[in-house]
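A.B. asks: Going down the list, the protein sequences come from chains A and B.
In terms of the working numbering, the first sequence is residues 71 to 277.
In terms of the working numbering, the second sequence is residues 71 to 277.
One or more of the hints may lead you astray.
Claimed, not checked - As a list, the in silico SDA-like pairs of lysine to any residue whose alpha-carbon atoms are at most 25 Å apart: (1) Lys133(B) <-> His130(A); (2) Lys95(B) <-> Ser179(A); (3) Lys141(A) <-> Ser179(A); (4) Lys215(A) <-> Ile96(B); (5) Lys133(A) <-> Pro273(B); (6) Lys262(B) <-> Arg103(A); (7) Lys89(B) <-> Val167(A); (8) Lys262(A) <-> Ala229(B); (9) Lys266(A) <-> Val92(B); (10) Lys266(A) <-> Arg103(B); (11) Lys88(A) <-> Gly217(B); (12) Lys133(A) <-> His263(B); (13) Lys270(B) <-> Ile96(A); (14) Lys89(B) <-> Leu219(A); (15) Lys89(A) <-> Lys270(B); (16) Lys141(B) <-> Ala99(A); (17) Lys89(A) <-> Leu260(B); (18) Lys133(A) <-> Ala271(B); (19) Lys141(A) <-> Asn112(A); (20) Lys95(B) <-> Pro273(A); (21) Lys270(A) <-> Arg242(A).
In case anyone wonders, no lab produced these hints; they're calculated from the structure.
Listed below are the residues making up each chain.
Protein chains: 2
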Amino acid sequence: MSEEQGREDRHNTRMQRKKAVVDEKIAAAQVERGVLVINTGNGKGKSSSAFGVVARAIGHGMKVAVIQFVKGRSDTGEEDFYRRVAEWMPGSVSWHVSGEGFTWETQDSSRDAAAARAAWELARNYLADPGIGLVVLDEFTYAFKYGWLDVAPVLAALAGRPPMQHVIITGRGAPEALIAAADTVTDMTLIKHAFKAGVKAMPGLEW
Amino acid sequence: MSEEQGREDRHNTRMQRKKAVVDEKIAAAQVERGVLVINTGNGKGKSSSAFGVVARAIGHGMKVAVIQFVKGRSDTGEEDFYRRVAEWMPGSVSWHVSGEGFTWETQDSSRDAAAARAAWELARNYLADPGIGLVVLDEFTYAFKYGWLDVAPVLAALAGRPPMQHVIITGRGAPEALIAAADTVTDMTLIKHAFKAGVKAMPGLEW
Numbered sequence: 071m072s073e074e075q076g077r078e079d080r081h082n083t084r085m086q087r088k089k090a091v092v093d094e095k096i097a098a099a100q101v102e103r104g105v106l107v108i109n110t111g112n113g114k115g116k117s118s119s120a121f122g123v124v125a126r127a128i129g130h131g132m133k134v135a136v137i138q139f140v141k142g143r144s145d146t147g148e149e150d151f152y153r154r155v156a157e158w159m160p161g162s163v164s165w166h167v168s169g170e171g172f173t174w175e176t177q178d179s180s181r182d183a184a185a186a187r188a189a190w191e192l193a194r195n196y197l198a199d200p201g202i203g204l205v206v207l208d209e210f211t212y213a214f215k216y217g218w219l220d221v222a223p224v225l226a227a228l229a230g231r232p233p234m235q236h237v238i239i240t241g242r243g244a245p246e247a248l249i250a251a252a253d254t255v256t257d258m259t260l261i262k263h264a265f266k267a268g269v270k271a272m273p274g275l276e277w
Numbered sequence: 071m072s073e074e075q076g077r078e079d080r081h082n083t084r085m086q087r088k089k090a091v092v093d094e095k096i097a098a099a100q101v102e103r104g105v106l107v108i109n110t111g112n113g114k115g116k117s118s119s120a121f122g123v124v125a126r127a128i129g130h131g132m133k134v135a136v137i138q139f140v141k142g143r144s145d146t147g148e149e150d151f152y153r154r155v156a157e158w159m160p161g162s163v164s165w166h167v168s169g170e171g172f173t174w175e176t177q178d179s180s181r182d183a184a185a186a187r188a189a190w191e192l193a194r195n196y197l198a199d200p201g202i203g204l205v206v207l208d209e210f211t212y213a214f215k216y217g218w219l220d221v222a223p224v225l226a227a228l229a230g231r232p233p234m235q236h237v238i239i240t241g242r243g244a245p246e247a248l249i250a251a252a253d254t255v256t257d258m259t260l261i262k263h264a265f266k267a268g269v270k271a272m273p274g275l276e277w
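So that you can see chain A by itself, here it is in the shape it has in the complex (with noise of 0.2 Å):
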């Protein structure tokens, strides 16, 4: 037997014994429902991630809904493109811009305040309705850490939200009572960032 033949033969038994683990975790997973989501951390991906998956329910004939409570900036890419998803496949995707930027930006915070309660009043109907499959409520974490929203009655309506309804909420520093409530957790770790290398934020890239 050739040296590179024994190794090409290890390397399937191994793969073989890859399938057999990776076949029995899909076996145990037969649950099927609606999963809660939070993306925090401090590093990249964490609203993009959602905006990927917003694509991958529409691809799947789900309707979805955004609700975006930190507006950074009114020409986003992805508020572009979901805007023109929606004209082109009616119903598919409901997008809300709430507020006017990040606190340090407007520097009024019950003006903040009341945009933040008016856009979860907006989540809520969505949390509510069994014909949406994927809500999304983007920078939700802030409402938390400015004060805005007690956690409690988003907690009740996220647990009493359809049964298939999938949620992803992003932000930074997530309360812990959501992060225990949730069922996948990522804490995107910042490892590098162009940014601090001098590199201007990007459209097409970073919004």
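Place chain B on chain A using the hints.
C.D. replies: What follows is chain B alone, placed relative to chain A:
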């Protein structure tokens, strides 16, 4: 002055200081160029974040190429969605899928290697095309893990790409040399995952 007014004034003073710091950082980051992004780690959101940036880039009128180096399944929502987008907006996105599944599924390492090398040849063409604003190399890291590709020629192609082109590489265990070459790196760190609690990979959320 009421207690509430005092609290609000303190909040606003804090936010004014924060705005000054943020504004200064934004003023310092003025370089405009293509960014090399890596989404790695064991948590969720590596690929979906890239697919969200695809939406963002198309929203800004950029042309996008996606090369998936590992085909997990043939019926993903993201592929279906973006193929429909490509029909609707011709030229907006080119979607390619290589291979036939994770290597423990195919159990044939030489066929996997050949598929990965063919996908890389395709990727190289996009990495030489200044008309393409964003190239996504999805699950690309496995090509190095399994020895299908060498890192050196990949680094050379990335370094020689058009200066305004963004590239996103996803997958677990990104090689150190790739991380060193990247501008923005995020480790999607697993905090918890519904799958481990017995929930099936759900359509519209996980695929």
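A.B. asks: Run every hint past the structure and note whether it holds.
C.D. replies: Verification of the hints:
For the suggested pair Lys133(B) and His130(A), the alpha carbons sit about 24 Å apart, so the restraint of at most 25 Å is met. In summary, the hint linking Lys95(B) to Ser179(A) is supported, as the alpha carbons are separated by about 23 Å, within the 25 Å threshold. Taking the CA atoms of Lys141(A) and Ser179(A), the gap is about 15 Å. The hint holds against a cut of 25 Å. Of the pairs offered as hints, the one joining Lys215(A) and Ile96(B) holds, with about 23 Å between alpha carbons and a cut-off of 25 Å not exceeded.
Straight-line distance between C-alpha atoms of Lys133(A) and Pro273(B) comes to about 13 Å, which keeps the hinted pair within the 25 Å bound. Between Lys262(B) and Arg103(A), the direct Cα distance comes to roughly 16 Å. Compliance with the 25 Å bound is thereby established for this hinted pair. Among the hinted pairs, Lys89(B) with Val167(A) is consistent with the structure: their alpha-carbon atoms are about 21 Å apart, no more than 25 Å. With a C-alpha separation of about 18 Å, the suggested pair Lys262(A) and Ala229(B) falls inside the 25 Å cut-off, and the hint holds.
Distance restraint check for Lys266(A) and Val92(B): the Cα-Cα separation of roughly 12 Å lies within the 25 Å cut-off, and the hinted pair is therefore satisfied. Taken as a hint, the Lys266(A) and Arg103(B) pair is honoured in the structure, with Cα atoms around 14 Å apart against an allowance of 25 Å. This hinted pair checks out: Lys88(A) and Gly217(B) have alpha carbons roughly 18 Å apart, not beyond 25 Å. A threshold of 25 Å between alpha carbons decides the hint, and for Lys133(A) with His263(B) the separation of about 24 Å falls inside it, so the pair holds.
Distance check on the hinted pair: Lys270(B) and Ile96(A) sit about 7 Å apart at the alpha-carbon level, within 25 Å; holds. Among the hinted pairs, Lys89(B) with Leu219(A) is consistent with the structure: their alpha-carbon atoms are about 23 Å apart, no more than 25 Å. Simply put, Lys89(A) and Lys270(B) have alpha-carbon atoms about 17 Å apart, close enough for the 25 Å limit, and the pair holds. Among the hinted pairs, Lys141(B) with Ala99(A) is consistent with the structure: their alpha-carbon atoms are about 21 Å apart, no more than 25 Å.
With a C-alpha separation of about 22 Å, the suggested pairing of Lys89(A) with Leu260(B) holds against the 25 Å cut-off. Between Lys133(A) and Ala271(B) the CA atoms are separated by roughly 19 Å; this keeps the pair inside 25 Å, and the hint holds. Between Lys141(A) and Asn112(A) the alpha-carbon distance is near 18 Å, which keeps this suggested pair within the 25 Å criterion. Using a Cα cut-off of 25 Å, the hinted pair Lys95(B) and Pro273(A) holds, with the two alpha carbons roughly 18 Å apart.
At roughly 21 Å between alpha-carbon atoms, Lys270(A) and Arg242(A) fall within 25 Å of each other, so this suggested pair holds.
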